[in-house]
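As given, the protein sequences belong to chains R and X, one line each in that order.
Each residue of the first sequence is one higher than the last, beginning at 1 in our numbering.
Each residue of the second sequence is one higher than the last, beginning at 1001 in our numbering.
Some clues are possibly wrong.
Listed below are several chain R residues computed to face chain X (Cβ distance under 7 Å; list not exhaustive) [what the hints assert, rightly or not]:
1. Lys4
2. Thr8
3. Leu42
4. Phe43
5. Gly77
6. Cys78
7. Ala90
Rather than coming from a laboratory, the hints here were simulated on the basis of the structure.
All C-beta atoms in this analysis are idealised placements derived from N, C-alpha and C, irrespective of residue type, glycine included.
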Amino acid sequence: MNKKSKITLYLFSLLALILITQLVYLNSSKSMSADAKEKKILFVGLTGLPDLAFSSNSSYIRHRSLSMVSDIYNLDGCLREYDSATYAIANSKLASKN
Amino acid sequence: MKSKINIYLIEYALGSIIRQGHKSLFIAIVFTFLTALLTSIFFITNSIKYELNTTVDALPQIIVQNTKASRVAEIDVSSTDKLLDIPGINSVNARVWGYYYFANAGVNFTLVGIDEFEEQYSDTLEGVVKKGDFNSSGMYIGSGVRDILNSSYYKEYFNFIKPDGKIKKVEILGQFDSDTELESNDMIVMSKDTLREIFGIEESKATDIVVKVANVEEIGTVALKIEQMFPNTRVITNDDMKLSYENIFNYKSGIFLALFVIAIFTFFIIIYDKMSGLSSEQKREVGILKAIGWRVEDVLKEKFYESLILSLFAYILGVILALSYVYILNAPLLRDIFIGYSDLKPTFEISFILDFQTLFLVFFLSVPIYIAATIIPSWKVATLEADDVIR
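Work out the full structure: start from the sequences and follow the hints.
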């Protein structure tokens, strides 16, 4: 095995080591703990409201599962995309349910 | 037939990558960037979905909203008695909640009323509130609300402006635990009576009604009966919520469409360059290799190793960068697309989820295609006679 092959082997080993270390670290420190999960469930059970606290100024994103078409186009049919989150988060299919 | 890894071919492939210098470096950088970008987006969407799905079962089984002219309107509290007549319904609760616009900071708070701070609520509150007084009357706030109120010098209480213009002073009793920030950031929880006063909602009215069904198998049937009993209502079941959460991201348009189009075009420009044939220098190289005795098989193996080393290196590096970007740096720039522009933003500390499906998807969309795009033109040249290629 020449020098280039050894360097490549070390490089791939280093990448694999970094990846494994990173996965172990993230799994232990950044994954949802049982305690946090329980608190989240308790909180949602207390308020009974769905969705995450994103775009709190746009109710059709903040509580998208409870919003209606009139919430989405509450001012004008053309004014929906005034919140950047609408480029990623879709309308709830329930919006047209009545 | 047994196929062995030929270390000399790998060494030659490495030499070839180094000889091509800038070209190899450019391909590795673009490949890494594309892998990192795509996996970052998938990591974020997967984690958000995981957050939502964690709590979906804690949501009410059925929510009944009143609609008027296709808008959500207040519902009569007396409807609860009629609902209790439907067989299978265990309990019914008229809720009061809504949005309060705090003009000073230009943000909306979500205000939720709960039935006085009775024992069962106190127990729940103790579980989700970081520190607070559970005996007095007042409100509990999310961390985002706390920051906004602090910046306006409301540290111990807040003055709500009622519909008649009068002030309602409500004491801050505590703050929700930071573990619930993604759910509670803009939330204020207080007693139903206080909330009625702030919103000017009469005792006989409520925002919506939540229904609990004894047998979960009957939720659909009960929902249908409620729709028949109150034709102007909008009945949302827990299963509807689950379906809504499944379709939260608009993969067919918006940021995803832009991203996928850019990623695919950039990647296929590289592929097109590879597929359009080898450069005269590369053809000469293949010709010389054949002239000195290399078989077609050896040339293809060498090209396979060359493309595998380059693409696998870029792929692994891309995944490492994506993991760091999303879960350690909390996805700067990209997070703004997901959490919107409001000043009341949560910290976007999403939970880490190792999603092998995403990793395989990005792997199979990039590495094998790149390898094929390298091998096919080499095969075309390698099958020609050596003197034809060199000449």
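I'd like to know which numbered hints this structure contradicts. Please list them from smallest to largest. 5 and 6
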